[in-house]
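Chain order of the listed sequences is X and E.
So the mapping is simple: the working numbering equals the position in the first sequence, first residue as 1, plus 14.
So the mapping is simple: the working numbering equals the position in the second sequence, first residue as 1, plus 14.
Don't take each hint at face value.
When chains are identical, the list treats them as one kind, so a pair holds in a single copy or across two.
[Unchecked claim] DMTMM-like cross-link-like pairs, simulated, lysine to aspartate or glutamate; straight-line CA separation at most 25 Å:
1. K186 to E27
2. K78 to E181
3. K188 to E27
4. K60 to E142
Since the hints were derived computationally from the structure, they do not count as laboratory data.
There are 2 protein chains.
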Amino acid sequence: MSLRYAMLGLLSERPASGYDLMKRFETSLTNVWPATQSQVYGELGKLAKAGLLEVAAEGPRGRKEYAITEEGLAELRHWLTEAPRERMRRSEAMLRVFFLNILTPLEAVTYLSTEAERAAGRHAGLKELEAAVDWGDDPLSVNGRLALEYGLRFTAMYEEWARWAAEQVQEKSKRGNGTTGDAN
Amino acid sequence: MSLRYAMLGLLSERPASGYDLMKRFETSLTNVWPATQSQVYGELGKLAKAGLLEVAAEGPRGRKEYAITEEGLAELRHWLTEAPRERMRRSEAMLRVFFLNILTPLEAVTYLSTEAERAAGRHAGLKELEAAVDWGDDPLSVNGRLALEYGLRFTAMYEEWARWAAEQVQEKSKRGNGTTGDAN
DNA sequence: TTTACCATGTAAGGCGTTACATGATTTA
DNA sequence: TAAATCATGTAACGCCTTACATGGTAAA
């Protein structure tokens with residue numbers, strides 16, 4: 015259900031064709047709400063039929079430029095302010111953690127350490143992005159920076175957690191060996 | 015694709031019927047990988063046909079108790095250790111942040127403050143859970159605690175981020191008013 | 001005997017991914 | 001004129017949700 019709002023949001027900045035939108039999904043929204051070409055064109059049709067968008071202009075190669083309508087803007091505002099936010103469920107990462115016990119302690123520690131390194135890598139990537147982008151005072155820069163900061167904090171938190179968890183598993187396996195002699 | 019591994023993981027602890035699995039999804043996995051009854055029964059059939067599970071016993075009321083096979087266990091281990099982990103994309107929360115500029119600064123600050131409070135509430139809920147559960151030394155307790163700690167760190171991080179972001183928006187709106195006099 | 005619980009399934013519809021299919025226009 | 005880019009669409013398949021549908025067994 016969020017794809018439509020992503021599209022309304024992008025179109026609230028300026029009108030665009032499906033092709034234009036795709037490019038913007040691939041750049042600014044790729045880390046937040048990726049979408050495929052199929053989806054975008056399909057949703058454009060639905061949104062237009064629902065009156066949330068309109069075809070503002072037609073260009074060469076069958077290009078159709080869509081613009082958000084008053085109704086669409088109202089819908090977007092409603093989503094931002096009043097729509098019930100559903101909390102994030104489903105974490106493949108935590109699902110794996112739930113079943114780490116079927117691995118040996120060594121394997122589990124390796125898994126968690128790798129997760130920590132991956133998080134550190136993503137953190138570094140975001141740092142690079144932060145340095146590379148020319149942050150202005152425009153709305154997109156401001157909001158983009160808020161989201162980037164979230165990414166930085168998230169990856170830092172995840173790395174620390176994974177290192178802590180690896181330690182826990184290691185200590186537990188040592189304790190288990192020391193007190194019972196049971197290496198299983 | 016993760017549902018099958020959630021089911022294999024649960025069945026690696028002990029055999030269970032679809033009904034049993036549902037209850038375990040609702041309790042231990044509800045915050046990590048929720049599943050519906052439809053899904054569970056459907057996937058049980060697929061997994062059995064693929065040879066990853068087998069019907070170990072049949073009981074009253076048509077009850078079928080499934081057990082994981084050697085092949086299933088190997089598949090689960092493979093998923094834990096070698097399968098390519100895909101990073102979390104799609105954050106509805108960050109999608110909203112990207113379009114906060116269509117709201118007034120006051121509305122945006124309200125939104126972010128509410129997010130902070132919701133995170134604080136979830137954090138408190140997890141703290142309660144931590145206190146309520148009788149944590150033993152069994153694998154499920156150990157792993158459950160790792161996941162819980164992640165939840166605690168995540169909610170704390172998110173609350174702090176949201177408060178920080180609210181501040182950013184507020185300061186920016188003040189600066190904007192002070193220097194240009196433009197209240198838009 | 002009635003209610004709660006145990007137990008399994010099917011159907012419809014939305015969302016997402018991958019692949020297929022087609023063609024116009026600009027640029028080298 | 002060949003290649004890159006612009007531009008839009010359809011089809012098939014899988015996952016997830018909601019709702020519908022059915023019935024057996026145990027406990028009150």
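Each hint tested on the structure:
Taking the shortest Cα distances, K186 and E27 sit within 25 Å of each other only across copies (20 Å), while inside one copy they are farther apart (54 Å). In this homomeric assembly, K78 and E181 never come within 25 Å of each other (Cα to Cα): the closest approach is 56 Å inside a single copy and 40 Å across copies. Taking the shortest Cα distances, K188 and E27 sit within 25 Å of each other only across copies (23 Å), while inside one copy they are farther apart (57 Å). In this assembly of identical chains, K60 and E142 lie within 25 Å of each other by CA distance neither inside one copy nor across copies; the values are 38 Å within and 44 Å between.
Of the numbered hints listed earlier, those contradicted by the structure are 2, 4.
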